[in-house]
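There are 4 protein chains.
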Amino acid sequence: MTDWIMFHDHIHPSETHLHGLSKVLVHHTTAYQTLLIGESPYFGKILIIDGDVQSAQADEYRYHEALVQPALTMHPNPKKVYLAGGGEGATLREILRHPSVTSVLKCDIDAEAIKLYKTWLPEWHQGSFDDPRVRLFHEDARLHLNSQPDGSFDVILTDLTEPFENGPSKALFSKEFFDLCHRKLNHDGILAIQASQLTNQHHTMHGAIRHTLLQSFPIVRSYSAYVGSFDTMWAFILATKQVDPRAYTKEVIDTTIESRGLSSVLRYYDGETHRHLFSQEKDIRCFLNSPSYPVIEDQSVFLLSRKD
Amino acid sequence: MTDWIMFHDHIHPSETHLHGLSKVLVHHTTAYQTLLIGESPYFGKILIIDGDVQSAQADEYRYHEALVQPALTMHPNPKKVYLAGGGEGATLREILRHPSVTSVLKCDIDAEAIKLYKTWLPEWHQGSFDDPRVRLFHEDARLHLNSQPDGSFDVILTDLTEPFENGPSKALFSKEFFDLCHRKLNHDGILAIQASQLTNQHHTMHGAIRHTLLQSFPIVRSYSAYVGSFDTMWAFILATKQVDPRAYTKEVIDTTIESRGLSSVLRYYDGETHRHLFSQEKDIRCFLNSPSYPVIEDQSVFLLSRKD
Amino acid sequence: MTDWIMFHDHIHPSETHLHGLSKVLVHHTTAYQTLLIGESPYFGKILIIDGDVQSAQADEYRYHEALVQPALTMHPNPKKVYLAGGGEGATLREILRHPSVTSVLKCDIDAEAIKLYKTWLPEWHQGSFDDPRVRLFHEDARLHLNSQPDGSFDVILTDLTEPFENGPSKALFSKEFFDLCHRKLNHDGILAIQASQLTNQHHTMHGAIRHTLLQSFPIVRSYSAYVGSFDTMWAFILATKQVDPRAYTKEVIDTTIESRGLSSVLRYYDGETHRHLFSQEKDIRCFLNSPSYPVIEDQSVFLLSRKD
Amino acid sequence: MTDWIMFHDHIHPSETHLHGLSKVLVHHTTAYQTLLIGESPYFGKILIIDGDVQSAQADEYRYHEALVQPALTMHPNPKKVYLAGGGEGATLREILRHPSVTSVLKCDIDAEAIKLYKTWLPEWHQGSFDDPRVRLFHEDARLHLNSQPDGSFDVILTDLTEPFENGPSKALFSKEFFDLCHRKLNHDGILAIQASQLTNQHHTMHGAIRHTLLQSFPIVRSYSAYVGSFDTMWAFILATKQVDPRAYTKEVIDTTIESRGLSSVLRYYDGETHRHLFSQEKDIRCFLNSPSYPVIEDQSVFLLSRKD
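Chains as they are written, first to last, in the working numbering: chain A, 1 to 308; chain B, 309 to 616; chain C, 617 to 924; chain D, 925 to 1232.
Looking at chain A on its own, in the form it has when it is part of the complex:
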């Protein structure tokens, strides 16, 4: 009797994945989006926004460590971090693990959603919202980041919904926003973003994001991790002014993790994981090197639909 409420994840006109929910905890529409928080017998607690799975208890650690840990670990001494999005607090949780971090500015426009996350998703944030190093802002991240001093951040992270046409996140994947990030990062700075899926059949949106980043940053590296609750390989991108993740050996990463006391804390990321992530399969490399993807501009009509 656990299979009578189903979330239908519409992947493609002829592909749908059904996820049973034993309990609907929250179904609410804020000013910005429709949230569903439920219990899945398979994935545990699950957060779905506007019909797309955002994260699930069983594997959110893979997604959030893959987004945050390479950037924070590669940086020799990350102190000031900026986070756009990442509402439910797990990205924040991962940032705060690094003892050198002294300040995190987190800007997410949907204050009502965050209030619900605080109540319903403690497994995600684990109290991070109350850490004294954190300051929360609820406004347009472009305006807010623009108001910060140039060169003032060690790491900038964006953890946003995908840049669908007419969606709320499109402007935060544009060339204009990436230029802004470049300006606000200091010389050693690293930008890390979630960047849609990346498989042999599904790489157009990732390719567009990557291609757009290449207009703003000299070094841009895609990587991806399997996230079971998304049923696909999820991609991320590191963009930097000078450091290259492919130059970090397994041993260097493991030594840094050890020195920061994170060896027994991290479940997904370590030196061998780093080598795995930054070695790409041949067909994926071939797609990534294609010059044919569009650049996302703030005012452009960006024609990708939901399923690209």
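Keep in mind the hints are simulated off the structure, nothing from the lab.
Check the hints yourself; a few may be wrong.
No more than 30 Å apart at the CA atoms, straight line, and that leaves these computed lysine-lysine pairs for DSSO-like [said to hold, decoys possible]:
id	chain 1	residue 1	chain 2	residue 2
1	C	Lys898	D	Lys969
2	A	Lys250	B	Lys423
3	D	Lys1003	B	Lys353
4	C	Lys866	C	Lys731
5	A	Lys118	C	Lys731
6	D	Lys1042	D	Lys1165
7	A	Lys45	B	Lys590
8	B	Lys590	B	Lys558
9	D	Lys1165	D	Lys1108
10	A	Lys282	B	Lys353
11	A	Lys79	B	Lys590
12	D	Lys1108	C	Lys898
13	C	Lys898	A	Lys23
14	C	Lys696	C	Lys898
15	B	Lys388	A	Lys282
16	C	Lys898	A	Lys115
17	A	Lys282	B	Lys590
18	B	Lys331	B	Lys387
19	D	Lys1042	B	Lys331
20	C	Lys898	D	Lys1174
21	C	Lys695	D	Lys1206
22	C	Lys731	A	Lys45
23	A	Lys80	A	Lys23
24	B	Lys353	D	Lys947
25	A	Lys23	C	Lys734
26	A	Lys241	B	Lys590
27	A	Lys23	A	Lys79
28	D	Lys947	C	Lys866
29	C	Lys661	D	Lys1039
30	A	Lys115	C	Lys786
31	C	Lys786	A	Lys23
32	D	Lys1039	B	Lys426
33	C	Lys731	A	Lys115
34	B	Lys423	D	Lys947
35	A	Lys79	A	Lys115
36	D	Lys1039	D	Lys1174
Given the coordinates of chain A, assemble chains B, C and D onto it according to the supplied hints.
Here is chains B, C and D on its own, set in the frame of chain A:
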């Protein structure tokens, strides 16, 4: 109007993936299994056996290269190859790419299925069944392999359905069968098998296969590739008497591929793919090192169900 | 974007009906059952209990008029009415339309559910719970009805979930309970019950209920109405000591409805509807006359499963 | 293992019914339509055209008797019958039961489909195509019927797919075609047609067909029967020059059936069924009497979509 015939892939009691079929080409029950061959608007032609996706046109190259190419490429001079299963001929196709191969014995019990594959899946076999180096046998692979001289094969491959209790393949994943493979391989010999899925939520069957192989071979290496038509990470295992895939550098693999004239032929596998495959993520390594998986014995009651 | 939360109504191992929900209003488990109240783009507000649709805004009037109106209209002067079940108040609403009614005793064991219905289903009860003629009881209906004087009711109605083995309603469909109803009705009394579905493929549970009633009452008449939110013909039974619904002409029914001021109030029931309901199709009559259905006894093991 | 090939019947954007198929027998596209013939564990053999269930073994008798038997039985001496559509032969089978019938002209444009039905649906036609009274034509039914003498038929039946915009059947539901039928029927003649579904939520297409018929015939009577494989009430219309089905008593119908030797042959239709069918429920009568439905004209743009 392409969404009214759907294949329901039942992953778990609360998880189902729906794949639309624009055309049913074959729906037939042989003495051993029920075959469905259809056209998917998303994956192209697709082969489903007893309700499980076996392979699809859009990504069978990932599965078949991942199964075959590491073993064949690592071997310095593969001549004699034994293949158990691999009905539709794509595994054969990948083996025959290596110019040193002089003989492939292929044993698959279901002759009627192979006849249908010859007609309906030319994209898979690409004429491999007619290669003069190939000999086909339709009998129990244990008896057939046992009748071959000891130490006579360079590579043995098994490409079988998973070892579900009461299923036709269980005996070919047993300690007894792996001992037999060890005896039939020569000193440099390599065994490569498909080995169920391997994700943070789904690793029990892979763990049992791996643990069983460890009883027979000194070196056992798991690796996995995302296969979109399976919606998961699919695992393989290399088992050898002395060589270790982790010792092969990117450059060595690329040089071998180049020397055999396969650089422009292979779509998935090369040196960087090899490094990716044999670097495991931390959580997966943790599962693989657990000593708690059962050994599969020929006469034992093997309690894994369909969804483990 | 209204098709990503679906209620799956499992009709049979190979038959499932999917109903999209644009909003989940309540998902709650009481001491007795699990309630889901949602909004369907097609059926309006919908109440689902333990995975079975109970009623929907678009057609609850068909179900509730069909259950209540034939019995109340046929009775020349219904004053005292007993109702077992009918939690959400629509059955009560239909009873109270008849101006002669002076007292309704309503007994439903699940007080918590009724509290939720009062808040969330005003379209069903329309304030009926507050009518001064109504008294509510939350206890076992067998004990409660047994405590009433013999021959004291004009009409008894039961509006319960189906009598699945081990379900909470089984005892209220037993020969013992129907004997009790017979004793508590006066000479002109009428018992009306909902009685599972009745189609050419699905008549075993209805047949068992009908066959059981025939042990207690001389006149037993089945009838059924199409209820779209159930996707089937839903059946009811009138059981009486002497009156026969088949003897009432269209004109007699219409005259009574007119005299009680209900002509413009009722949407489903009138004289021609009565003639329709009590004329049965040949194949259905054939099933109903079969002597092979079991009698449901209070202590018996009643072997019908959920889908009979 | 019978639930992995599913036919998805899309009823409405938020409503879908899934029917499992244990076997796909035919999946073929002719010049006119796409046919699927499969085995359903619940409904037996099932015929699906362009994604809509046409009929199923378990209840085709209800549909076909309801379409044919009222018209043939009401006619005092049916000799010459015209049938447009009715490809699989079950309508023909029902017509031929009446011993007075001397000639049936059957016109169905899709000759290739009929060839498949002859092979795969013997349960439907039961050899009717070989009855010497039958002549088959494969052309446009408008032209063919127009070429017949005026006033030459006792009964005309149409058994066609619904008149969706741009669909092949639209012209055969137009005022022009119904005028043609009127001209070709003799004075006692009866036209019987299948006429889409008819429920409290779904009556627009039926209303349009009915309203169109009212432009051509003085007496037009809707009736409907539950057909489980359609999951709805399916409607039919009798249109006549003078006779009225509501004037036929149960006894008159039963006497005619008896005199033609059909009492033990018919499973669905008899005198009481006739009374049931021609007594309408109040809400349905209310919809039918609405003057707001459009008239379907041959050259008009008829705006009903698939789901009206």
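A quick look at each hint next to the structure:
1. C:Lys898 to D:Lys969: holds (23 Å)
2. A:Lys250 to B:Lys423: With a Cα-Cα distance of about 49 Å, the restraint between A:Lys250 and B:Lys423 is violated, given a limit of 30 Å.
3. D:Lys1003 to B:Lys353: The hint is violated at about 53 Å.
4. C:Lys866 to C:Lys731: At roughly 39 Å apart (the allowed maximum being 30 Å), C:Lys731 and C:Lys866 break the hint.
5. A:Lys118 to C:Lys731: holds (29 Å)
6. D:Lys1042 to D:Lys1165: violated (35 Å)
7. A:Lys45 to B:Lys590: holds (23 Å)
8. B:Lys590 to B:Lys558: holds (21 Å)
9. D:Lys1165 to D:Lys1108: holds (12 Å)
10. A:Lys282 to B:Lys353: Given that 30 Å is the threshold and the Cα spacing comes to 23 Å, the pair holds.
11. A:Lys79 to B:Lys590: Roughly 26 Å between the alpha carbons, so the hint for A:Lys79 and B:Lys590 holds.
12. D:Lys1108 to C:Lys898: Cα-Cα ~33 Å, so violated.
13. C:Lys898 to A:Lys23: Not OK: C:Lys898 and A:Lys23 at ~45 Å, beyond 30 Å, violated.
14. C:Lys696 to C:Lys898: Not OK: C:Lys696 and C:Lys898 at ~36 Å, beyond 30 Å, violated.
15. B:Lys388 to A:Lys282: holds (28 Å)
16. C:Lys898 to A:Lys115: It is violated: about 61 Å lies between the C-alpha atoms, which goes past 30 Å.
17. A:Lys282 to B:Lys590: holds (23 Å)
18. B:Lys331 to B:Lys387: Outside the cut-off at roughly 40 Å; violated.
19. D:Lys1042 to B:Lys331: With Cα atoms ~22 Å apart, D:Lys1042 and B:Lys331 stay inside 30 Å; holds.
20. C:Lys898 to D:Lys1174: The hint holds at about 12 Å.
21. C:Lys695 to D:Lys1206: holds (26 Å)
22. C:Lys731 to A:Lys45: Satisfied, since the Cα-Cα distance of roughly 28 Å is no more than 30 Å.
23. A:Lys80 to A:Lys23: The hint is violated at about 39 Å.
24. B:Lys353 to D:Lys947: OK: B:Lys353 and D:Lys947 at ~19 Å, within 30 Å.
25. A:Lys23 to C:Lys734: Given pair A:Lys23, C:Lys734 holds - Cα atoms ~22 Å apart, limit 30 Å.
26. A:Lys241 to B:Lys590: holds (29 Å)
27. A:Lys23 to A:Lys79: violated (40 Å)
28. D:Lys947 to C:Lys866: violated (48 Å)
29. C:Lys661 to D:Lys1039: Between C:Lys661 and D:Lys1039 the Cα gap is close to 47 Å, so the pair fails against 30 Å, i.e. violated.
30. A:Lys115 to C:Lys786: Judged against 30 Å, a Cα distance of about 45 Å means the pair is violated.
31. C:Lys786 to A:Lys23: Holds. C:Lys786 to A:Lys23 sits at ~27 Å (cutoff 30 Å).
32. D:Lys1039 to B:Lys426: Answer holds: D:Lys1039 to B:Lys426 is near 29 Å, not above 30 Å.
33. C:Lys731 to A:Lys115: holds (28 Å)
34. B:Lys423 to D:Lys947: Holds, at about 20 Å.
35. A:Lys79 to A:Lys115: Holds - the C-alpha atoms of A:Lys115 and A:Lys79 are around 27 Å apart, at most 30 Å.
36. D:Lys1039 to D:Lys1174: Violated - the C-alpha atoms of D:Lys1174 and D:Lys1039 are around 40 Å apart, more than 30 Å.
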